[in-house]
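Q: Turn these sequences into a full structure, and let the hints steer you where they fit.
Chains A, B and C supply the protein sequences, listed in that same order. Each residue of the first sequence is one higher than the one before, starting from 1 at the first, in this note's numbering. Each residue of the second sequence is one higher than the one before, starting from 194 at the first, in this note's numbering. Each residue of the third sequence is one higher than the one before, starting from 650 at the first, in this note's numbering.
Just so you know, these hints were derived from the structure itself, not from any lab. Don't take every hint at face value.
[Stated by the list, open to error] Rough simulated footprint, nothing fancy, chain B against chain A, three-plus residues with beta-carbon under 8 Å:
#, region
1, 60–70
2, 102–108
[Stated by the list, open to error] Subject to a maximum C-alpha distance of 25 Å in a straight line, what follows is the list of computed DMTMM-like cross-link-like pairs (lysine to aspartate or glutamate):
#, chain 1, residue 1, chain 2, residue 2
3, C, K774, B, E298
4, B, K445, C, D795
5, A, K6, B, E275
6, B, K503, C, D795
7, B, K506, A, D170
[Unchecked claim] Calculated Cβ distances over 12 Å to all of chain A for the following chain C residues:
#, residue
8, Q771
9, S776
10, K794
11, I798
12, Q799
13, Q801
14, A803
15, R807
16, G808
17, R835
18, F858
19, H859
20, V860
Virtual Cβ for every residue (Gly too), placed ideally from N, Cα, C.
Listed here are the chains, written in short residue letters.
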Amino acid sequence: MLKSWKLKEIVLMSLFSVVFGIVYLLFLHVGNIWAGFIGPIAYEWIFGIWFIVSIICMYIIRKPGAAVISETIAAAVEVLLGNAVGPRLILSGVIQGLGAEAVFAATRYKRFDLWVLMLAGIGSSIFSFVYGYLLGGFTVFSMGYVALMLGIRILSGALIAGVGGKAVADGLLATGSLRGYAISRPKKGDVRA
Amino acid sequence: MHNVISFEHVSFRYPDEEKWILNDFSFAVQKGTRVVLTGPSGCGKSTLLYLCNRLYPENCDGILTGKIKLLGKDSSSFIPGEINHRIATVFQDPDAQFCMQTVEEELAFTLENLHVKREEMDNRITEVLALTNLSEFRYSIIQQLSGGQKQQIATACALIMEPEVLLLDEPIAHLDPYTAKHYIEWLDQLQQKRKLTIVAIEHRLYLWGDFFDRIIPLNESEEVSALSKRMTSMQSETSFQAIKIETKNFLKSTSFTLQRGEIAILVGPNGSGKSTLLKALCKLLPASGLVEPSFLGYVPQSPEFLFLTKNVKDEVAYGGGYDVDNLMDRLKLMDIAPSHPFAISHGQKRRVAIAAMLCDGREVILMDEPTSGQDAMALSELFQLIDGRAQEGTTFLIVTHDMEFAYCLADSVLLMDDGRLTGKFPAKDVWENDRLLLEHHLLPPKGLMLREKSFA
Amino acid sequence: MKFVVITLCMFTMAFFFDPWTPLVFWVSVLLLQILFSQIDWKKWLLFMLPFFIMAFGYFWTTLVFAKETTGPIIWSFGFVHVTEIQLDHALSLSLRVLAFSSLSLLFALTTNPVTFILSLMQQLKLSPKIAYGILVGFQFLPVIKDEFIQIQQAQRLRGVVQKKNAIQRLFATRLVLIPLLAGAVRKAERSAFAMEARGFTGERRSSYFHVISVGKVDALLIVLFLFVLVFSCTNTFWLG
Ligand SMILES: Nc1ncnc2c1ncn2[C@@H]1O[C@H](COP(=O)(O)OP(=O)(O)OP(=O)(O)O)[C@@H](O)[C@H]1O
Ligand SMILES: Nc1ncnc2c1ncn2[C@@H]1O[C@H](COP(=O)(O)OP(=O)(O)OP(=O)(O)O)[C@@H](O)[C@H]1O
Ligand SMILES: [Mg+2]
Ligand SMILES: [Mg+2]
Chain A
1 MLKSWKLKEI VLMSLFSVVF GIVYLLFLHV GNIWAGFIGP IAYEWIFGIW FIVSIICMYI
61 IRKPGAAVIS ETIAAAVEVL LGNAVGPRLI LSGVIQGLGA EAVFAATRYK RFDLWVLMLA
121 GIGSSIFSFV YGYLLGGFTV FSMGYVALML GIRILSGALI AGVGGKAVAD GLLATGSLRG
181 YAISRPKKGD VRA
Chain B
194 MHNVISFEHV SFRYPDEEKW ILNDFSFAVQ KGTRVVLTGP SGCGKSTLLY LCNRLYPENC
254 DGILTGKIKL LGKDSSSFIP GEINHRIATV FQDPDAQFCM QTVEEELAFT LENLHVKREE
314 MDNRITEVLA LTNLSEFRYS IIQQLSGGQK QQIATACALI MEPEVLLLDE PIAHLDPYTA
374 KHYIEWLDQL QQKRKLTIVA IEHRLYLWGD FFDRIIPLNE SEEVSALSKR MTSMQSETSF
434 QAIKIETKNF LKSTSFTLQR GEIAILVGPN GSGKSTLLKA LCKLLPASGL VEPSFLGYVP
494 QSPEFLFLTK NVKDEVAYGG GYDVDNLMDR LKLMDIAPSH PFAISHGQKR RVAIAAMLCD
554 GREVILMDEP TSGQDAMALS ELFQLIDGRA QEGTTFLIVT HDMEFAYCLA DSVLLMDDGR
614 LTGKFPAKDV WENDRLLLEH HLLPPKGLML REKSFA
Chain C
650 MKFVVITLCM FTMAFFFDPW TPLVFWVSVL LLQILFSQID WKKWLLFMLP FFIMAFGYFW
710 TTLVFAKETT GPIIWSFGFV HVTEIQLDHA LSLSLRVLAF SSLSLLFALT TNPVTFILSL
770 MQQLKLSPKI AYGILVGFQF LPVIKDEFIQ IQQAQRLRGV VQKKNAIQRL FATRLVLIPL
830 LAGAVRKAER SAFAMEARGF TGERRSSYFH VISVGKVDAL LIVLFLFVLV FSCTNTFWLG
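A: Okay, structure coming up:
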């Protein structure tokens, strides 16, 4: 899969994953403390944050795998820096990444407009929620509460990861430093965008 | 003899620019020769070198026509990284060529790429460091080395691959004069021993004596008259004061003052702490002591650090400066006014940073190696600009390794060695004091020697 | 490999719903930690603090929102009735949080990221392209903070005014975040160029300068961990 990747794309992806791994960890701590007072639902509002790197990387690099791999690395970074969930988190990273990846794959890596990005955020939300539901012991909560959690998580995935991720990447694009990556290519020639 | 590098009718341009950087360009380098590329700053020398080691066109989506052959094969037939251990490169920017943390790791990484056996690695690392006289830096963290030290380490990293071709992009631009002289002599011997092919880029050819077999001018440079010594503009009133500046781990307590309109040159060996001192003065490093005034202009050794905006014009005008157009014109920045400050040549970046600082109307301006990577034209423009500003009362403190430039410009000279300011001397006392010069790795400027000859 | 063992533990734990298993497990992990590793306990407490709070949060939400409402009621205040099963679940969930977090902290505090990545590459055959990509990323870690300060300083040098107001400051961080990421992009590009220039093609290497081997201590720890795992899973049988 990585054959078609340029080295600089891989390094970029890893670097972003590291940067966002830290951001994730910060939010995890914030979320933890908050969750201590109002329960696990506290995470759901900000859950989108944890999907953002896969969306940013995919939006910039636009090659199969960018979402899964970046999310996985970010999760690994979180684990290595010390966090609560431990190595299991890497698996949830993979799953969240897969959620986003699935959406991009469904468009055959051809469309990267806001809607697709939001859908990708939602994809991550759903995947991660199903996973959390199976493993995290949500089974003990009542159905209504679970549905509320899912709803909020989807919203958060679409807004924070989808819209937020696009805003960050577009901000970067405007600085001109993303020349030479796929994101700055479609403007020329290829009329589809 | 066969060609190791040959370009046949090559044209190249960056994807976002209309202008062709290289236009129907042909040249060839024979095995075992020493070739130098020259041309004004921004004419495409570095770009050409990137084409020779195959980093371009792939990594920048550049548009290339014509045929490039490397070591007898078409350049596009190599996969990324494959050719690079046979054609090794020392890049222009000392900050932009390392990927590992310490010198040893960087070298080991290179050897791993070459599939060298583990048992041999240690020996080869020791050997190359001894060869380049850098053994003391084996365990240093690259990030913490000085600009000149990095540039030397980069050469070691290139040599450890035992390449057939060595590409050097202004390899001595950040070296002190004494180290530079040694570097050239040493390279001379090494080339003879290993039958290397050397392709270098250089602005100050006179430093190299008759090292090169062939000069390839990329672009006609205009004739520039040599710099001449300026009239002093020093006024009696003190405009800058540094009292007991000291950093925790390197810089020893330093105090000095500068007069209004004074141009002081700060010189010393590589790694003596010049950049550290300037950063401490600007409060970019935690340092104790007092600096008066505190609002200073500063041109860093790596100019990218300053850039905030999306195009060169905005960048220069950022401080709400005056005289922007005139400055940009004189520093040859008009052509690239709409370009992104990160996507221009190294010399251009430096000039953008200089222009930005000169526009802001600051009273005291510190410059870290403004001369490195500049062609004769830019150097002379820079000289006149600084001279003009000094006459208007601006105070300058300039770090440079260019002795001619220093000689022509300086009112006074600050000497540094090993983190300590040796002292502040009137310029003329320094150039004739052989002991001081030797101790600080300096060479007497050519201008002075010429003058002495004509007196004799 | 520590990593594999710990993941294994986590998975097994996830399937146990009684409060005792995680409790036993947590205590034994702590014991192991005391016995075998030199950990800065202050740091450990600091890291654990949020998890204690989180455990508490889990505890009471499970109590209140749990869907099992059968079983004998043990406490009740107001209209909230707490049944034994609920209490069991709540305790199990929150203790599990503690067990997980202490386990992963043990991992994080005793593992050097660089060694970890190298060993992933050498033992688990992770692609060198990714491994070195991450390594370069890690080198960016200590630099991030410096970069952050540097960008602010550069902006100050160029005459950007610092905002006094806290909210305006928060908005101003946005001005720093984008340049920070842009810096990361540039750093990535440079590093990639440098790696390529050093002859890196991304193919598997045949020898390594730093060889990471699984030592005796590691093996011993693995055995101990497995023992603890088995012990805590089977405790229900022993303790009745
Ligand atoms: N990444 C880039 N994208 C677009 N244009 C670029 C890029 N890099 C350089 N340029 C432009 O290409 C031209 C040649 O740049 P190059 O770096 O090759 O110059 P140079 O001859 O090495 O100059 P110097 O002596 O200052 O280092 C310059 O005019 C510059 O503006
Ligand atoms: N962040 C740092 N931490 C520790 N030591 C450092 C750091 N930065 C620089 N040094 C050390 O301080 C010394 C002086 O470095 P500095 O960059 O000031 O040298 P310089 O005089 O500017 O040299 P050059 O002419 O090569 O640019 C060097 O020996 C370097 O190793
Ligand atoms: Mg150049
Ligand atoms: Mg310096």
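Q: Compare the structure with each hint and give your call.
A: Hint-by-hint comparison with the structure:
1. 60–70: Check failed, 0 qualifying residues.
2. 102–108: Coverage by chain B is violated here, the residue count being 0 at a Cβ distance below 8 Å.
3. C/K774 - B/E298: This hinted pair holds, its Cα atoms lying about 20 Å apart.
4. B/K445 - C/D795: holds, 23 Å
5. A/K6 - B/E275: Holds, because 14 Å separates the two Cα atoms, which is no more than 25 Å.
6. B/K503 - C/D795: The hint holds at about 23 Å.
7. B/K506 - A/D170: holds, 22 Å
8. Q771: holds, 16 Å
9. S776: violated, 6 Å
10. K794: violated, 10 Å
11. I798: Holds, because the least Cβ-Cβ distance between C/I798 and chain A comes to about 15 Å, which exceeds 12 Å.
12. Q799: holds, 15 Å
13. Q801: It holds; C/Q801 is separated from chain A by about 17 Å at its closest Cβ, greater than 12 Å.
14. A803: Holds: least Cβ distance 14 Å, greater than 12 Å.
15. R807: Non-interface label stands for C/R807: nearest chain A Cβ at 16 Å, farther than 12 Å.
16. G808: holds, 19 Å
17. R835: violated, 6 Å
18. F858: holds, 20 Å
19. H859: holds, 17 Å
20. V860: holds, 20 Å
In this structure, the hints that do not hold are numbers 1, 2, 9, 10 and 17, in rising order.
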